[in-house]
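Undergrad: Sequence:
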Amino acid sequence: MKLMAMIAILLALVAAPALAADVGFEEVKITNGAEPPLTAGIWYPTNAPATPHALGNFTQTVAPDAPIIGQQLPLVVMSHGGAGWYGGHYDTALALAHAGFVVAAVSHTGDTFDDQSGVLQLWRRPAQLRRLVDYMLDEWRWRRRLDAARIGAFGFSNGGFTVLVAAGGVPDLSEIAPYCEAHPDHDLCAALKHAGVDPHVGADVPASGWIHDSRIKAVVIAAPAFGFAFGRAGLSSVRAPIQLWRAAEDRHQPHPYYDEAIRADLPRTPEYHVVANAGHYDFLPPCDAGLSRKKPEVCDSLPGFDRAAFHEQFNADVVQFFQARLR
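With mature numbering (1 follows the signal peptide of the UniProt record, and there is no 0) applied, the sequence shown corresponds to residues -20 to -1, 1 to 307, in that order.
Everything labelled a hint here was simulated from the structure, so no lab data went into it.
Bear in mind that the values here come from a model prediction, so they are computed numbers and not experimental data.
A hint or two may mislead.
[Said to hold, decoys possible] Pairs of lysine-lysine residues, derived as DSS-like cross-links and limited to a Cα-Cα distance of at most 30 angstroms, are as follows: (1) K274 to K9; (2) K275 to K173; (3) K173 to K9; (4) K275 to K9; (5) K197 to K9.
[As the list claims (entries may be wrong)] Quick list of the computed label-pair ranges, beta carbon to beta carbon: (6) S216 to G36: 36 to 42 angstroms; (7) P236 to A183: 20 to 26 angstroms; (8) P164 to A129: 34 to 40 angstroms; (9) Y252 to P29: 24 to 30 angstroms; (10) H33 to D95: 22 to 28 angstroms; (11) P29 to A228: 49 to 55 angstroms; (12) A288 to D178: 24 to 30 angstroms; (13) A288 to H33: 32 to 38 angstroms.
Think of the CB as a built atom: it goes at the ideal place given N, C-alpha and C, for glycine as much as any other residue.
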C-alpha cells in the first residue's frame, strides 16, 4: 500500500501544472489554408523576469519570447467576443499562465475590431479555433511541453458561442430571423439592422458545417451569444464539463434568451454563476482612464460594481475550474 501511495503522489505531481514565477508571451501568425493567416497570442509559464509591455490599449507584465518551464502542461484556448481580438481577455490568460497553464488566444478573422467582414459567418469561428489547437500541438516551438490530453477552452459572447460549438453544439441560425422579428429592440437585432446585415444570412448552414473538436475536455463560457439558436437537440452532444457565467444586468443579451437557454438545454448541469449588478462587458478587463473615454459603452460599469475586484474572483474561479477538470 505504501508503494502504491507513493506512485499515486508522484503521478499527481507530474500531472499538476507548474506554478510560474512569471509569464512568457509571444504573438504568432498561423497559416490557415487559403484563408488569411490567423494572429494569436500565447501566454506560458516561465522563470524569466517579466516587465510591463503594451498590449493594445492595456499593459501586461510578461517576458516576451522567454523560455518555457514545465512538462506535460495543460492548454487553454481562448475565443473573444464580437469585434474583439486575441488580447481581449489577457488578464484571465495571465492568471492561467501563472497557475501553470499554456494559453493561446486567436483573433477571429472577419469578426475583430478592425475587420467586420464576416459578422454572421459564425461557422468560421470554430474552424479557426480548431486550427489554433492544431498549431499548438503540431507546430508551436514548445509543443512537446504540452499535454494533448488536457485541453480546455474559454469563450466570451461570440466566443462563448464558438467554444460551445467546438464542444459539440450545433446551432440553427435560422432562429435568428424569427428572434429578431419578435424582439426588434434587442441589441443583436438593432445592430444587424443598423449594419444592414440580413438576419437570414447563414440560415442554410448544414449541420456538417459546424466544426467540433473532441480534444477539448472542459469549457468556460461567459455571456454566450446566440444561446437561443441551439435548443436541446443542438446541445445533446455536448459532454464536456462547463462553467457558465451570466451577468445579471446584461442588457446586450437579455435574460432568458442566451445564458439561461443554454443552461436549461445542456445535457449535463453546468457550474453556473450569476454575477449580481454586472453588465455584459464586465467580463472584459478593467479599462484605464484613456480607454474609458474612448469606449465608455464597453468600459463603464453600473454604479457600485467593482470590475477590478470581480475579475480577481472571476479569474480565480476560472483557474480553479480548469485545474479540477484538466487533471
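Undergrad: Looking only at beta-carbon atoms, does the pair S216, G36 fall within the given range of 36 to 42 angstroms?
TA: 38 angstroms, holds
Undergrad: Just to be careful, I want the Cα atoms of K173 and K9 compared with a cutoff of 30 angstroms; is the pair within it?
TA: Violated, at about 34 angstroms.
Undergrad: Just tell me: holds or violated, for the beta carbon distance of P29 and A228 against 49 to 55 angstroms?
TA: Given about 41 angstroms between the Cβ atoms, the range is violated.
Undergrad: Check the hint pairing K275 with K173 against an upper bound of 30 angstroms on the C-alpha distance.
TA: With Cα atoms ~22 angstroms apart, K275 and K173 stay inside 30 angstroms; holds.
Undergrad: The hint says 24 to 30 angstroms between A288 and D178; measuring C-beta to C-beta, is that right?
TA: 40 angstroms, violated
Undergrad: Does the Cβ pair Y252, P29 satisfy 24 to 30 angstroms?
TA: 40 angstroms, violated
Undergrad: Mind checking the alpha carbons of K197 and K9 for me, to see if they're no more than 30 angstroms apart?
TA: 25 angstroms, holds
Undergrad: Taking the CB of A288 and the CB of H33, does the distance hold inside 32 to 38 angstroms?
TA: Violated: the Cβ-Cβ distance is about 20 angstroms, outside 32 to 38 angstroms.
Undergrad: For the pair supplied as a hint, K275 and K9, is the alpha-carbon distance within the 30 angstroms limit?
TA: Cα-Cα ~28 angstroms, so holds.
Undergrad: Could you see if the CB distance from P164 to A129 stays within 34 to 40 angstroms?
TA: 47 angstroms, violated
Undergrad: Can you tell me whether the CB distance of H33 to D95 sits inside 22 to 28 angstroms?
TA: Distance hint for H33, D95 holds at roughly 24 angstroms.
Undergrad: K274 and K9: Cα distance at most 30 angstroms?
TA: 28 angstroms, holds
Violated hints, listed in ascending order, are 3, 8, 9, 11, 12 and 13; each of the other numbered hints is respected by the structure.
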